[in-house]
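Undergrad: Each chain is listed here by its residues.
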Amino acid sequence: MTTEVLRTENLSRSFGGVQAVAGVSLTLHAGAVTALVGPNGAGKTTTFNLITGNLRADSGTAAIRGKPIMGLKPWQVARLGVARSFQDLRLFTHMTVRENVLAATETASWFWQPGGSTARRAREARADAALEATGLSALARARAIDLAYAERKFLSMARILAAEADIWLLDEPASGLDLASRTRFGQLLKDAQARGVAICLIEHNLDVVVELSNRIAFLDQGKVLAEGDPDAILKDPALAAIYFGDRPQEAA
Amino acid sequence: MIAYAANLATIVAIFAILAATLNFIVGYAGIFSVAHAVFFGLGAYAGAQVALLLIPDPLLACLAGAVVAGGLSLCLALPALRVRGEYFVAASMGLQMMAVTLFSEAKPLTGGIGGLVNIPRPTLFGVEVSVLPLALVALALILLATALLQRGAFGRTLQALRDAESAAEALGKNVAAAKTLAMAFACAGAGIGGALFALHLSFVNVESFTMDQSVLVMAMVIIGGTGTLWGPLVGAIILLSLPSGLAFIPFIPPTEVGAVQQIVYGLAMTLLMIFRPAGLVGDLSKGRATA
Amino acid sequence: MLFLQLLLQGLQTGALYALTAAGFALIFGATRIFHFAHGATFAIAGYVFLYFWNAGQPWPGALAAIAAAVVFGLGMERFVYRPIQRHEGSFFTVFVAAFGVAVVVQNLIGMIAGRGFASVDTPLSMANEVLPDVFLAPIFWIAIAVAIVLFVALSAFLTRTHAGVGLRALAQNPDLLRAYGLSSNRLSMLAFALGSAMAAPAAILTAMTTGLNEAVGHHVMLISMAATIVGGVGSLRGAALAGLMLGVAESVALQFVDTQWAEGVSFLVLFAFIIFRPSGIFGVAQTR
Ligand SMILES: Nc1ncnc2c1ncn2[C@@H]1O[C@H](COP(=O)(O)OP(=O)(O)OP(=O)(O)O)[C@@H](O)[C@H]1O
Ligand SMILES: [Mg+2]
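Protein chains in written order, with the working numbering: chain D, 1 to 252; chain A, 1 to 291; chain W, 1 to 288.
In case anyone wonders, no lab produced these hints; they're calculated from the structure. Fair warning: there could be bad hints in the mix.
[To be verified] Interface residues of chain W toward chain A, partial, derived using beta-carbon atoms under 10 Å:
#1 Leu8
#2 Thr210
#3 His218
#4 Phe271
The beta-carbon is built from N, C-alpha and C at its ideal position, and this holds for glycine as well.
Construct all of the structure, not just a fragment, from the sequences and the given hints.
TA: Here you go:
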């Protein structure tokens, strides 16, 4: 397939006695959507946290375009082109919608951003385009905390759009969306994919997975049980059994 | 009477500097320091020493105050990088209490309990100047700087890390650097206020840099309204006119005016939090802007 | 022998710190309210006792001190924290409100009782030589005994009674309570009553040993917060142990530094924990 941009090998992490992630190897490709599916507690979010540097891995490696990223701080990983969303969104609650998105375009930690007013106008344009694309333009001046559920989810996406990253790690961005919103969300992903963004999507709804993803990695108890073509994986009765919660032989 | 008004105006300007800089970290970055008087004190001692040992140049004194206070702000930035909320309040309160002991004991630097006396009048280019215009200019510059920072990208970064630190980091923001920088800026501002204070009174001692003083500055910020531009100024004016107002009330014995004043603003803080948490200047509909 | 002397003195101070800190930790653990006016509770109890003592009524004074502490704590819960939590109750709002009350109490005490140190004179705090060069006052044994009795009683209450178990559950998981059939309002009041009452004996014993001043609340708060953080938020045992440790550390340090630095020892311990182990001794990592 196309260029490989992110690769993890044997990522592992345990909490006390719980082996949350047990040797996960994943690759993400430019312009492809990889869906990360698996039952609750499978280790999906933890895998993201290990990649982004929010958690330290017990063992294993990860690299972006060949550059090792283990041990980097979250903001350093972000500056290599990784944008992520959070399962619990983590919006900047007391800022306006537009400020939330503008903040995503401003990464310098100094008193001011480089590039003067030209660069500032470019950032504002990027932020406004992200608002437009997510349908939030009319709400630009509302505070994030006052938004409705679906609007919050789109604001979280708008931040990612504005960040101009080429690797997206999305943690259940479509959960709880109605059909119309889901379609709009799908369009966002397809546009990004067309621009060559590598996307990893955590999603429980298999219809969404089938519609949007090129590949599936099936995670259970911290291990990738199967990886490959969506149709093939979703037809596998053993995986379906695990996914839908009746685990016939626990020991297996 | 004029001298009285000029003195009050100078003190108001100096405390407005303190309140505006404290507001910068409390209202925008959500870093709740009860140690602002420490940096006020560091600036005062540094400014006083410059005037005593070198020349009573107010600009040099302010520079020294800013550098010393801004540099030592790392003592407070360190815990701010590790913890937030309650934990940080505890750390800053401890720092405040420790600093008072240090100020009282480090006699060569601070003059101990007796303080530094006979600080020469400030002179600029050989002419003796009053501190009032200097303080007003400093206040105007600091208000301008905070306004620009607060409304620009840096202010957004601080608010972002206040509301959701991990999300700010995930967007590539170096949270540690931003916090340290905000802290250095606010503390350097307090240091400038301190240097001006020392030159104005020509005498400083540890009494002015205690927990009570930190509480007073905090009250100014809160009563004015955190996260607003004019709130700290309004708070400083109200709280500093309070003692003169109370002095006119006949049944308060003069020795108790200080205590009555503290009771009034203590009550004001509590009642505001119960009934109007955004402060006097703050927009009620926006609610409290601090996590 | 100086070391032994300081160690024993430290145990006495530490026992009082442990009581105060455990009260604060109990309230914080069960309600997540950062009760910054806990130092005010301590000061009120101490001064009420002083007042009765000077009127020649030590025993009624002790009861009145406990009652005053409980009433004040409940008043804070009912009239300050609960209204705030109803509309928002961010840490910031709660803290400032409590802070305001602490300022008011400190100054009222200063106005009514006068400023500066005040203590009671009692033969109980007369030191006797118990070993060569080691002096102990009867109050030492009283402080240790009171602390032990109260901690045993508290832990029995927390493990054996319905309400006590509820309090612990509240600390771990507020949602659990609905299932358990206890109102969280009631439990919150219980936490404030108990936590405040714990401060009273410490305040009385402090009045009988080192004495009080109107600003004692600051010191009490610093110790309570330090012990709670060092012990690990949510762990009563941790707070009590850390309080004891801080008392001993402050006292033993006197072998090397002058008294005015004693508080600095607690500060350094707190600072070190915040930088290197913010979750405390018994805490699970949860900040950040
Ligand atoms: N910070 C942590 N401390 C302790 N245990 C954790 C932590 N984070 C995750 N775990 C545990 O690791 C396991 C995997 O959790 P994770 O959040 O990665 O699951 P998930 O696949 O994202 O599930 P979900 O679909 O519910 O979001 C779970 O058992 C969880 O309890
Ligand atoms: Mg998850």
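Undergrad: Quick check on Phe271/W please, does its C-beta sit within 10 Å of some C-beta on chain A?
TA: holds, 6 Å
Undergrad: Against chain A, is Thr210/W within 10 Å by beta-carbon distance?
TA: violated, 16 Å
Undergrad: Let me know if the C-beta of His218/W comes in closer than 10 Å to any C-beta of chain A, holds or violated.
TA: holds, 6 Å
Undergrad: Is the hint on Leu8/W kept, meaning its closest Cβ partner in chain A is under 10 Å away?
TA: Violated, because the Cβ-Cβ distance from Leu8/W to chain A comes to roughly 25 Å (cut-off 10 Å).
Figure legend: structure checked against the earlier numbered hints; hints not met, in rising order: 1, 2.
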